[in-house]
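A.B. asks: Residue numbers (numbering that gives the first Met the number 0), protein chains in the order written: chain A, 0 to 169; chain B, 0 to 284.
These are computed hints drawn from the structure, not numbers from a lab. Given the structure is predicted, the values throughout are model-derived calculations rather than measurements. C-beta: ideal position from N, C-alpha, C; glycine also. Please note: incorrect hints may appear among the correct ones.
[What the hints assert, rightly or not] To be clear about the criterion: a stretch of chain A counts as covered by chain B if any three or more of its residues have a C-beta under 8 angstroms from a C-beta of chain B, and this derived list gives those stretches: (1) 26-36; (2) 41-55; (3) 92-106; (4) 148-162.
[As the list claims (entries may be wrong)] Over 10 angstroms on every C-beta distance to chain B, these chain A residues come out as not near it, computed from the model: (5) S59; (6) E73; (7) G74; (8) V166; (9) F169.
[Said to hold, decoys possible] Pair ranges (Cβ atoms, derived): (10) B:Q128 with A:K136: 57 to 63 angstroms; (11) A:E42 with B:N207: 51 to 57 angstroms; (12) A:E42 with B:T152: 31 to 37 angstroms; (13) A:A40 with B:G146: 46 to 52 angstroms; (14) A:E93 with B:G62: 24 to 30 angstroms; (15) B:G146 with A:N43: 39 to 45 angstroms; (16) B:D182 with A:A40: 19 to 25 angstroms; (17) A:E93 with B:G146: 33 to 39 angstroms; (18) A:E42 with B:G146: 37 to 43 angstroms; (19) A:E42 with B:N116: 17 to 23 angstroms; (20) B:P108 with A:G78: 21 to 27 angstroms; (21) B:D117 with A:E42: 51 to 57 angstroms; (22) A:E42 with B:D182: 35 to 41 angstroms; (23) A:E42 with B:M151: 45 to 51 angstroms.
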Amino acid sequence: MNRIATILVMIGWFLVSQSYSKSADDLAQVQLDSKKAGPRAVENLTERAIVRDYRSAWTSLSHALEFNVFDPIEGPFAGNAKQMLKGTIARQQESGLRQRFLDQNHKLEVVFYAPEGDVVELHDTAEYQQQILDGGKPIHDERVVLHYIVLMTPSADRWVIRQLQAVPQF
Amino acid sequence: MRPWLICAAVCLAEACGAQNVEVRVSFPVVAGNGATVSTSGSGKAIFYLVGPGVSSKNEIKLGEEIQLRTRDTQNAGAYQAIVCSERCASATFYVSAANPASLTFLVHPSRVPVSQNDAVSGVAFPFDQFHNFILTPLSIEFRLTAGSAALMTQAVRTRAGVAWFRTTSGKSAGALRVVAALDNLSAQRVVQQVAADPCNLRIAGQRNRSGILVQTEPVRDCAGNPVPDGTIVTFTAADANGKSTVDAPIKQGVARVEIAASGGASISVASGVVMGNEIHIGAQP
């Protein structure tokens, strides 16, 4: 009897972890166009690092806002962006709301890369399925296209997002 | 319909006779100014506000206006106003940045040799009091001064929220003040200008009891700025036994070494990529 209960618990845990990891591991698709970058040209390695870290940041953001936890945003975000996200998570914890960003597709364009390479400004045309839940109940489910202005700076081991601000259009 | 209202979204109960609910948000919404949300219909509903730094849930009466508090709209970005009764209706609206309140100003490098082309650069980003990035074009003035001399004044209009400059460093060593100014806001950074590579590096030598004492003349760059103490000068002596090299830092403007050589020797000097003169010292009498 105990054995059956253990197996049931394990199956349950597996199913729950699968459903959680589906959205968390639902890696964002990120494309970067650096042709208009200036005044400094973006080197290939830098381009790849920005794509990798931007994707990772959105995966972390999605996880943080879906499960209302702070840890995922500690590394990929800094400054204003981190404060804003912390505020959102804290308010969500109070209101009981959650957000999901599914099936993400980000088209990034580098619009400014500082002469010394210490800051990059990106325009992100982001398309995703936005779900807002009150507890477990969906109150909003919409495929959206949003435009984000993004400032990223290099830190010791990655590019971090310092500003993430949606605008009606570029 | 009042012209300043936007019907941003309408969610209709398509069947079952449920009432239609419209959500409208006054626009434009500027950070920290609050906003008004109006709804149609009657009865109780739940109003949700979801946006950057905001997530709230309140009971409302349909048909009554909802005043968004100033603290609910401090962050620029996209917001969702959602009203749920039998069904949910939503409106998306944007909050834009308020007036400039601070400048983020990055200047490089912190230390630069004089007279270097395109060696000093600066980037300025305007932000409002809530740390929202301001994207509307603004004119930022960059001013570079060394001592009392103005080296550069340039007004640059922000594009995509950024203004930047790049320029040649000044001709004399010392502090270079770099200022970015926007109306009554300003941010100042200091770049230390140091002498460039040595110019006309010359040495003189004389024999003493223990060897040859070699010393540079005061080491200066081509503009006459003293090369900083600590800069390494390399002395190379060639005599009958071969070549020997000694590095010495500049101290109080000159570098000096004592080379142990009893026979005649040729001594040359260099600092970085700059070569100096060569001297010949005869053998010990």
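A.B. asks: All hints, please: hold or fail.
C.D. replies: Outcome of the hint check:
For a cut-off of 8 angstroms, the count of residues in the region 26-36 of chain A with a CB near a CB of chain B stands at 0, and the three-residue condition is violated. Only when three residues or more bring their CB closer than 8 angstroms to a CB of chain B does the claim for the region 41-55 of chain A stand; here the count is 0, and the claim is violated. Evaluation of the coverage hint for the region 92-106 of chain A: fulfilled, as 5 residues show C-beta separations to chain B shorter than 8 angstroms, against a requirement of three. Only when three residues or more bring their CB closer than 8 angstroms to a CB of chain B does the claim for the region 148-162 of chain A stand; here the count is 3, and the claim holds.
Remark: the non-interface label on S59 (chain A) is consistent with the geometry, its nearest Cβ contact in chain B lying 16 angstroms away (cut-off 10 angstroms). With a closest Cβ-Cβ approach of about 17 angstroms to chain B, E73 (chain A) is found to remain outside the 10 angstroms limit, as its non-interface label requires. For G74 (chain A), the condition that its CB be more than 10 angstroms from all CB atoms of chain B holds, with the nearest at approximately 20 angstroms. Not every beta carbon of chain B lies more than 10 angstroms from that of V166 (chain A), the smallest distance being close to 7 angstroms; the non-interface claim is violated.
Residue-level check failed: F169 (chain A) sits 8 angstroms from the nearest beta carbon of chain B, not beyond 10 angstroms. A hinted range of 57 to 63 angstroms is violated for the C-beta pair Q128 (chain B) and K136 (chain A), which are about 37 angstroms apart. Evaluation of the 51 to 57 angstroms hint for E42 (chain A) and N207 (chain B) yields a pass: the beta carbon distance comes to about 55 angstroms. Our hint of 31 to 37 angstroms for E42 (chain A) and T152 (chain B) holds, since their Cβ atoms are close to 33 angstroms apart.
Distance hint for A40 (chain A) and G146 (chain B): a CB-CB separation of about 36 angstroms, inconsistent with the stated range 46 to 52 angstroms. For E93 (chain A) and G62 (chain B), the Cβ-Cβ distance of about 27 angstroms falls inside the hinted range of 24 to 30 angstroms, so the restraint holds. For G146 (chain B) paired with N43 (chain A), a C-beta distance near 43 angstroms keeps the hint of 39 to 45 angstroms intact. Roughly 33 angstroms separates the CB atoms of D182 (chain B) and A40 (chain A), a value that falls outside the hinted 19 to 25 angstroms.
At about 56 angstroms, the beta-carbon gap between E93 (chain A) and G146 (chain B) misses the expected band of 33 to 39 angstroms. Checked against the given bound of 37 to 43 angstroms, the beta carbons of E42 (chain A) and G146 (chain B), roughly 38 angstroms apart, stay inside it. With their beta carbons about 22 angstroms apart, E42 (chain A) and N116 (chain B) fall inside the hinted range of 17 to 23 angstroms. About 22 angstroms separates the C-beta atoms of P108 (chain B) and G78 (chain A), a value consistent with the hinted range of 21 to 27 angstroms.
Our hint of 51 to 57 angstroms for D117 (chain B) and E42 (chain A) is violated, since their Cβ atoms are close to 19 angstroms apart. As the Cβ distance of E42 (chain A) to D182 (chain B) is approximately 37 angstroms, the hint placing it in 35 to 41 angstroms holds. As the Cβ distance of E42 (chain A) to M151 (chain B) is approximately 29 angstroms, the hint placing it in 45 to 51 angstroms is violated.
Hint violations for this structure: numbers 1, 2, 8, 9, 10, 13, 16, 17, 21 and 23, all remaining hints satisfied.
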